[in-house]
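Student: Hints in hand, dock the two standalone chains.
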Amino acid sequence: MSEINKNITPPVIEIGILGWLRKNLFSTWYNTILTLIGLYFIYLIIPPLLSWIFFDATFSGTTREDCTSSGACWVFIKQNMKLIIYGLYPSDELWRINIAYFLLTVSIIYLLIPNLKYKGIVGVFLLFVFPIICIFLFSGGLGLENVETRLWGGLFLTLVIAGVGIVLSLPIGIMLALGRRSKLPVVSLLSTIFIEIWRGVPLITVLFMASNMFPLFMPEGVNFDKLIRALIGVMFFSAAYLAEVVRGGLQAMPKGQYEASQAAGLTYWKMMALIILPQSLKVVIPAIIGSFIALFKDTTLVLIIGLFDFLGIIQFVGTNPDWLGFSHEGYVFAAAIFWVFCFGMSRYSQRLEKKLDTGH
Amino acid sequence: MTSETMIEMSSVHKWFGELHVLNDINLKVTKGEKIVICGPSGSGKSTLIRCINRLEEHQRGEIVVEGTELTNDNRSVEKIRGEVGMVFQQFNLFPHLSILDNCSLAPIWVRKLPKVEAREKAMEYLKRVQIDDQAHKYPAQLSGGQQQRAAIARALCMEPRIMLFDEPTSALDPEMIKEVLDVMVGLAEGGMTMIVVTHEMGFAKEVADKIIFMDEGQIVESKNPTDFFSNPESERTKTFLSQIL
Numbered sequence: 001m002s003e004i005n006k007n008i009t010p011p012v013i014e015i016g017i018l019g020w021l022r023k024n025l026f027s028t029w030y031n032t033i034l035t036l037i038g039l040y041f042i043y044l045i046i047p048p049l050l051s052w053i054f055f056d057a058t059f060s061g062t063t064r065e066d067c068t069s070s071g072a073c074w075v076f077i078k079q080n081m082k083l084i085i086y087g088l089y090p091s092d093e094l095w096r097i098n099i100a101y102f103l104l105t106v107s108i109i110y111l112l113i114p115n116l117k118y119k120g121i122v123g124v125f126l127l128f129v130f131p132i133i134c135i136f137l138f139s140g141g142l143g144l145e146n147v148e149t150r151l152w153g154g155l156f157l158t159l160v161i162a163g164v165g166i167v168l169s170l171p172i173g174i175m176l177a178l179g180r181r182s183k184l185p186v187v188s189l190l191s192t193i194f195i196e197i198w199r200g201v202p203l204i205t206v207l208f209m210a211s212n213m214f215p216l217f218m219p220e221g222v223n224f225d226k227l228i229r230a231l232i233g234v235m236f237f238s239a240a241y242l243a244e245v246v247r248g249g250l251q252a253m254p255k256g257q258y259e260a261s262q263a264a265g266l267t268y269w270k271m272m273a274l275i276i277l278p279q280s281l282k283v284v285i286p287a288i289i290g291s292f293i294a295l296f297k298d299t300t301l302v303l304i305i306g307l308f309d310f311l312g313i314i315q316f317v318g319t320n321p322d323w324l325g326f327s328h329e330g331y332v333f334a335a336a337i338f339w340v341f342c343f344g345m346s347r348y349s350q351r352l353e354k355k356l357d358t359g360h
Numbered sequence: 001m002t003s004e005t006m007i008e009m010s011s012v013h014k015w016f017g018e019l020h021v022l023n024d025i026n027l028k029v030t031k032g033e034k035i036v037i038c039g040p041s042g043s044g045k046s047t048l049i050r051c052i053n054r055l056e057e058h059q060r061g062e063i064v065v066e067g068t069e070l071t072n073d074n075r076s077v078e079k080i081r082g083e084v085g086m087v088f089q090q091f092n093l094f095p096h097l098s099i100l101d102n103c104s105l106a107p108i109w110v111r112k113l114p115k116v117e118a119r120e121k122a123m124e125y126l127k128r129v130q131i132d133d134q135a136h137k138y139p140a141q142l143s144g145g146q147q148q149r150a151a152i153a154r155a156l157c158m159e160p161r162i163m164l165f166d167e168p169t170s171a172l173d174p175e176m177i178k179e180v181l182d183v184m185v186g187l188a189e190g191g192m193t194m195i196v197v198t199h200e201m202g203f204a205k206e207v208a209d210k211i212i213f214m215d216e217g218q219i220v221e222s223k224n225p226t227d228f229f230s231n232p233e234s235e236r237t238k239t240f241l242s243q244i245l
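From first to last, the protein sequence lines stand for chains U and E.
Okay, so the first sequence: first residue is 1 according to my numbering, each after it adds one.
Okay, so the second sequence: first residue is 1 according to my numbering, each after it adds one.
Keep in mind the hints are simulated off the structure, nothing from the lab.
Quantities reported herein were computed from a predicted structural model and do not represent experimental measurements.
We put the beta carbon where it would ideally sit given N, CA and C, even for glycine.
Be aware that a few hints might be false.
Said to hold, decoys possible - Restricting the straight-line Cα-Cα distance to at most 30 angstroms, the calculated cross-link-like pairs of lysine-lysine (DSS-like) are:
| # | chain 1 | residue 1 | chain 2 | residue 2 |
| --- | --- | --- | --- | --- |
| 1 | E | 121 | U | 117 |
| 2 | E | 127 | E | 112 |
| 3 | U | 355 | E | 137 |
| 4 | U | 354 | U | 117 |
| 5 | E | 137 | U | 354 |
| 6 | E | 137 | U | 270 |
To be verified - On the chain E side, residues computed to face chain U include the following (Cβ under 7 angstroms):
| # | residue |
| --- | --- |
| 7 | 81 |
| 8 | 83 |
| 9 | 92 |
| 10 | 94 |
| 11 | 106 |
Only chain E is shown next, with the shape it has when bound in the complex (with noise of 0.2 angstroms):
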């Protein structure tokens, strides 16, 4: 595997008022690499991939996302966020628009895409996620494992280098969490970078590179899957997984 850097997080500090949200984050993801965050609720864990496209802003620290570090330059928040697609928890799919201009949009406007061709590329992805049948619908006419599979696809039109999802099947009823941890396991094998919040332990064992835990705003534990479900270290992670697992 190449060793690209594609994310490094060094020393990243956040507060939400007196909250210490973020504690001494320092994390490094490589180029294809796939790492699941875990942790109780409030422990972080969307704050930090939140940070990553600056949908929070980090107080101390620095992060630095394909070579470009996130300051408060316009410039390089705009060109993150192009390299970097993100699935949110409540799919926050455009209601207004049809599934098909959802995922066209942000080509056509943010990458100057002809039309033409961000349609054929949106329909390709809906393809990919196995709603290209549903594109002329509004998203209010689909489950909510389409609309979850719709958002991937629109994020995916915009090629990112990196994946964030934030608790991507947390909104959803049980039979269709399946159908959305499906494509993005097919995501993962073909070599997508990928930070995911989840609580999926089975796909965090099938995919995960490495597994984070979360608690209280800082990284206790940090290992690939294997140390961390049969080798726990630290006392709060032993109690997190026993309760989940």
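Just chain U, with the same shape it has in the complex (with noise of 0.2 angstroms):
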């Protein structure tokens, strides 16, 4: 029997940085030539880029003629500040979103912090009382003056379509994908062909309808608002997407969980709310945000019927003759923001997936 030998270390060359610039680099004469070509290109893009949105950028000012070097005026988006993040929304009324963007911001800082107490109140505030107080606060009442929604604009106006599609859209697809997969044929045939006619039409199609058919079937005199409109539509078009999401969910849910949960006596809706959905959507976490994320972006689609979102108003003033030819700023900076929001979600879907692992 010979001793085990525990002083012996792993080759210089595999480990440290150079082992791993080794393995992952220069491991093969073709690895080497694509990582030189890569570097290449990095050398290519990086530090223009870098020297037009901050080197030889111009931040401070006031109007264009401020802007004289040869990078990004940023003064422009400055000086638009106000429109693109609340869009034409009165400016007496501001302190109304302001309220609204300080509540979400506080409870969405607090709910990211680990080991807080009263997570859930927090939760149940942001799901159901938030969006509540928001109705008041944006759209008016209760003595606050009214403000119509072609106003609403900007940012403002953007997280409010993604916030109604996604709070409401997850519900209505969790009910859709159960109606779907139920025994009744009646309810899985009008869940199915709910859920395939919204699938089966673009987005730009159901805005459209929106906005110009629908008016048409309705009675003279009976008239909704367009956002609402819209936001009916993005919100049955998301839910027929996370419907499918959560069926394959629903799939994956092996025969077992069902019969132990029947054996124990539980009720349908019991076995679906403790057990079933609780697995099912972990498996399909990175689905649903990435559903979430589509439709985030989506919300771009409803310049066509005449709101300016973010992406929409940073448009507008692009148009402003004050302002002509700084486009390149504007998508630029809207590419960031919504990068930011995207980016933040799939984080969020990582940490939660990690969270809510158990080892199955």
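Tutor: This is how it looks when you write it as structure tokens:
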């Protein structure tokens, strides 16, 4: 029997930075070539981009005349910030939106900090109480001045559409998924028809229908707010996609879980709420968040029915004669903000998966 | 022994499509009786006990559990499921819940017990199957034997009057079978009415009041253990016994 030798370390070439470089970037001759080509492209793109965005850019000033350098003119964004964030919402009433921004930010930060108490209460507040507060804050009532939805716009409008879409489409999607798998033929058929119709139509068509066709079918004098019509369209559209995602999760459940729940005497709804959905939703978290991200970006389509969301308003201020020619800055800014939101959701999805992992 | 009838099956038939899986089953189980059902795979033994708590529907005949007839009426099904506990071959613990929550879930949501009380009771039963030290772990962190004992505890937490076991040791590694069987023997000694589908003939000899041999959907032989092993009547029973003993 030979003794176990504990003193031998792995060869230097295999570990550390050198080992990593060797293994990942220069393992074969063609890998080396690819690495060099990649580095060349990074060299071509990154330095000019950085100098355009930061080093050569103009940050201070009030008019286009202040932008004399070769870089980006962020003055354009700065001067139009109010429009970009709030749309045409009356200046005297902006505090109402600010309160909502504040409540939203505080609640989300609270939920993201690990190991705090009363997270359930904050969650319930965010999902059920906060939207009701928002309805009154944004549109008026209870002594607040009425603000028509045609004045809503900018990031504010994007968040309203995405928020309503996300919060309402998930429960509707779950119900549709359960309906489609129902043993009752009528429920199953109706759910399937609903899902397939909404999934078979492009969102642009849905929005056009909501804005132009829908009023034709209404009796004269009956007028639904255009924004509400768009919201309903976005909501059902997203719900149909989520229904199929959730159905995938439901199908991944082993039969034994249903049998064990039934044998324990749980009714259908208790079985679904306590055993089946918690497990199957967990399986499809990445796909659900993926749908939410798609929904968030798709909100930009409301531009075509004359609602000025975040991207729409940036395009709109770009056509202002005072600021012609600065659309690059606008689009880069829009892309950056969209990316921050979507990346945030993506990271949250990963965190959630890790947190809910119980090793099966 | 009292002779209160717990389960009565009369002329029960069931088909899966064209396949006649239960063919004229007549079975009476009295309080405290331990019945072991054995037979080749596909003989209908699992289907038989799954009919008792309506995981499968029978198509002809009558099943009466504690005076309640099993019908399409959901209330009768719910009532019977409350009285009948079941243990599965694949354990079927809820993987997203801790062992303790697995055990206290049904008492809280079906029996409407207060949470604290349900958890206390769950700990009591987990102690009885000797895994109270694992109560806060998740099923995936336990061995097969421990999982099956947890599943037994989960069923017991509903304080059932009848326990059904569907091949409870078939999915276990050999060295874990004994710990599960020991729990079942203890349960039998406590007077529980039990129907056990198993091939563990040692367990059958030790515990059963009656051993039933099934083949092709029929009850071929139904005897006390001594007669069953020493004096089987049917050829099919003899062949089966010669294969597994």
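Student: If a hint holds in the structure, say so; if it doesn't, say that too.
Tutor: Each hint tested on the structure:
no.	hint	result
1	E:121 / U:117	27 angstroms, holds
2	E:127 / E:112	22 angstroms, holds
3	U:355 / E:137	15 angstroms, holds
4	U:354 / U:117	20 angstroms, holds
5	E:137 / U:354	17 angstroms, holds
6	E:137 / U:270	23 angstroms, holds
7	81	4 angstroms, holds
8	83	9 angstroms, violated
9	92	4 angstroms, holds
10	94	6 angstroms, holds
11	106	4 angstroms, holds
Checked against the numbered hints given earlier, this structure breaks only hint 8.
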